[in-house]
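*Asks:* So the chains spell out like this:
There are 2 protein chains.
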Amino acid sequence: MNALSHHDITVLLFSLAILLATARLLGEAAQKLRQPAIIGEILAGILLGPTVLGAIAPDAHAAIFPHSGPVAIGMHSLTTVAIVLFLMVAGMEVDLSTVWKQGRAAIIVAVVCMVLPFAIGFVPGWFAPDALGAKPGSDPLVFGLFLATAMAITALPVIARILLDLNLFRTDVGTTIIAAAILNDLFGWIIFALVLALMGGAGTGHGVGQTAALTLTFAILMLTVGRALVNRVLPWVQAHTGWPGGVLAFALTLTLLCAAYTEFIGVHGIFGSFLFGVALGDSPHLRRRTRTTIDHFVSFIFAPLFFASIGLRVDFLQHLDIPLVLVILLLATVGKVGGGFLAARWAGFATNEARAIGFGMNARGAMEIILGLLALDAGIIGERLFVALVIMALITSLASAVFLQRAFPRARAVRFVDFVNPKSFVPDLGANGRLDALARLARLAAEAAGINPDAAVNAVCRREDIVSSAIGRGVAIPHARLPGLKQPSLAVGISAEGIDFDPPDGIPVSVVILILTPVDAAAVHLAVLADIARSFRTDRVSRAAAERARNLTEFRAVLNVEGSRPPEP
Amino acid sequence: MNALSHHDITVLLFSLAILLATARLLGEAAQKLRQPAIIGEILAGILLGPTVLGAIAPDAHAAIFPHSGPVAIGMHSLTTVAIVLFLMVAGMEVDLSTVWKQGRAAIIVAVVCMVLPFAIGFVPGWFAPDALGAKPGSDPLVFGLFLATAMAITALPVIARILLDLNLFRTDVGTTIIAAAILNDLFGWIIFALVLALMGGAGTGHGVGQTAALTLTFAILMLTVGRALVNRVLPWVQAHTGWPGGVLAFALTLTLLCAAYTEFIGVHGIFGSFLFGVALGDSPHLRRRTRTTIDHFVSFIFAPLFFASIGLRVDFLQHLDIPLVLVILLLATVGKVGGGFLAARWAGFATNEARAIGFGMNARGAMEIILGLLALDAGIIGERLFVALVIMALITSLASAVFLQRAFPRARAVRFVDFVNPKSFVPDLGANGRLDALARLARLAAEAAGINPDAAVNAVCRREDIVSSAIGRGVAIPHARLPGLKQPSLAVGISAEGIDFDPPDGIPVSVVILILTPVDAAAVHLAVLADIARSFRTDRVSRAAAERARNLTEFRAVLNVEGSRPPEP
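Protein sequences, first through last, are from chains A and B. In terms of our numbering, the first sequence has 349 at position 349, counting the first letter as 1, and numbering is strictly consecutive. In terms of our numbering, the second sequence has 310 at position 310, counting the first letter as 1, and numbering is strictly consecutive.
These are calculated hints, taken from the structure and not from any lab test. Treat each hint with caution, since some may be false.
What the hints assert, rightly or not - Residues from chain B shown here face chain A by an in silico Cβ test under 7 Å; the list is partial: (1) Ala-17; (2) Gly-74; (3) Thr-80; (4) Thr-241; (5) Ala-249; (6) Thr-253; (7) Phe-297; (8) Phe-300; (9) Leu-329.
In this text the structure is predicted, and so the values were computed from the model without any measurement. Think of the CB as a built atom: it goes at the ideal place given N, C-alpha and C, for glycine as much as any other residue.
Please take these sequences and the hints and turn them into a complete structure.
*Replies:* Okay, here's the thing in structure tokens:
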């Protein structure tokens, strides 16, 4: 067997398409509910795997996702590369300077949140491995160390995402959680690599001591010499190769090489790619755009594929052991939430902040699941514990998100487009002058709200007579406050030709957003204005709208795409 | 067998790293010589494959690139996905509106460049298949049609790249070549899909007629309904999903699905992904950034991996048949260069332009090689002809690049950094005022050129007294013309604090580029100034330099990365 047959290729491409589509759909759904995407991605795998699809339609399942043979090997190769790259990206987020900047508080939280859960995991793991789901016959010491690591790890990518979504990233609480999670992740992976080394570097011919020594040496070298070397070589690569092809290939080649090396010495490949990611991400010479290209492809394509593929491997219902799930959940939460709370109090945080730090550190997300999968593959744990770990990882991530949202409530952002009726969108306002435009839009907005159109037209035109409503960047926002309205009613008009509103910056107005608000709703009026200002930060947005928006959905797409563009560094 | 072993993963990751690194290195080298990257990438595969590495160190070769077993399957899966995505990107470049805009000339060139080579390939292929390297026992009609298609195809991505490099993309000659190549590619692939269908949809259970009908129907639907549908759905996806995750997943899922479908009906998967790429790329709603993310990852990672992997499969020396190579090269060149020349003359181009069009259409590059590989896999041709086709593809691409460079000579761009000696770079100019900065830099530039430093300092300061040399955007370019110089000598100083040069835009000067030029070298002086102006189009570049450039290499890296950034759409 040395190549895929015609039929194999068909199945492989089809199964990849289904897996990617389902994972992204459910991932998006999770994000709409303000939850981490990984929850949806794992769920997609469970739906497509033996747990649901396999139980309902075993034949279809076996045909699309064969359990052995060339397609299974192909899928395994792709997901292996995917996880290696994912850990590289995760490593790039590990910015050691954050830790030093955050100083004492972060180190206290990191150490307590490492040591306490470690002890809480180790003791029961060592004394009662069988009850906790160790693979029969596995070494209690190895199992104890694994369970300790599993309790002690925090998922940096997941918690970083939650904090970003909640606008907490730059607060004291946020940076403390991040800095502590960075240290936890770093030491967690090094300890886990040593645990894998203790397994005797399964089948690689290296002894335990040798693997452990090689692992530690590699980690130390990567964090010192490797880091400095990458920082020295990176400018050279960017100076002498085409951009961005040179840097991309440099980064991915070294990622694959480091992964191959750690796989070779008997720990897992992702350990090498993670440490290389740390070394690479720390370099100030790595441009944001390069980082973004790698990140987009890995986060939105490779990571969903990998996480969904996990569900394909295990039947979650068959191996569901509810008491074990509860015990694991309890051990995990006590160690992290308790440890985080105590440490944060000790470091001087207020009670409610300390609680937030505890819950933040408790998010296990991706890292726990990857750890569990490696332990399952290495024969340390059985399916029962693996399922319990995955559920624990999902529940702790969910709990972190929910708790932090409650603790730091943020008004749901007002989006001005939400107040525009699809019928109040005029794609061809023409260039008949501003009064004509205002009258048409005011009429539509008033009709959509069920109030008298003439009053609206009058009010808007009177307001416009006093001062032009053009705010620059190709946008005008005529507005009026009217009695009888319950909530704002907006109308949007596009003029490809541009209308002369006498704008402050001389750019002809191509987007007119007419706003009618209730008389007594100053707050929502201001929020709508703020959202418009934020959405049209440059005249690129109004130009794009004039070019491409023929209906409200297309207008939303323009706002979404151009608006979500990160500001230039 | 259902998973890769520890050892398999090590080998897979290692071989991917080696393949990617070698392919990119030689690809970069080819580009430095102003040749298409694919030439280096194919060469990398030949070096690492049985032809060179396999002949020198057969054991190492077999260990790194095993010919069968799980690693071979894994590699085949990865390169299959790579080529499917590459053809999607190639499809996105097919912009049908270019063809209509270019009108009569493009259609004449396209038709003649299609029909003439087709006839030139078909007749000898049908009458003497064995002499031309058909697989013994293959149907002469199928072989004739294959050879006809192989002669008729043009590599749009390769010729587009060459024209871009030569700044010919927007000329009449350039757009005619592009428009004709688009039509050639499109019809070439549809005809080749029908040839594959004629093979009886090897092992898929579909009859010849059925496969042909399904293929044509799919092509027509994708170019009409599919295109319109993508254009309708795309804004919806961008309006209602996170950006860019939603669009990326949407694009890749449909690519994989279309590929799976065409693989299923008995032609190759890349046919489906190519046509989907055409449909997607035509949509005005596809944002440039999304396109770029896909394009970067595919062009710089997947494509090099795929093209290098070709060399792994075939021993190029063992199957080298020089007379056959010459015959194929002759047939290919006569058909395309001759056809292109005659058609272009007929359409009204001058003789030298018509010759350029002929050579442009002759570039076979990637497309010919992919076509050859599919025919090899499908059992239509043997290794001998495959090797001849690859060599023909490389030589015609090289000849196109060389001929077009000769026909439209472009002065090699002057780069101002090339005149800066590493010792004339001052990373810490401080904020001691401009005279101090000028004196230090003038002294360094004069010393590097071996002329009197005091004269240089005097000349520069006198010039600066008359008017400030700040040009805005954080840059100042003090300069003087001095006798005794043979070529320009530049010195660059960085001031993190910013120096007050009384700049027109008020931005403090952080980059000072001091220029000493010979008295009689007005042309090179202007070219240096123009390059500086081009390099510092926004103050982002000088800010980045102030932040990150500690030596000349790092300064070059900043220019390369920030300068090569495409202007905002």
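*Asks:* Where does the structure disagree with the numbered hints, that is, which hint numbers, in rising order?
*Replies:* Of the numbered hints given earlier, the structure breaks just one, which is hint 9.
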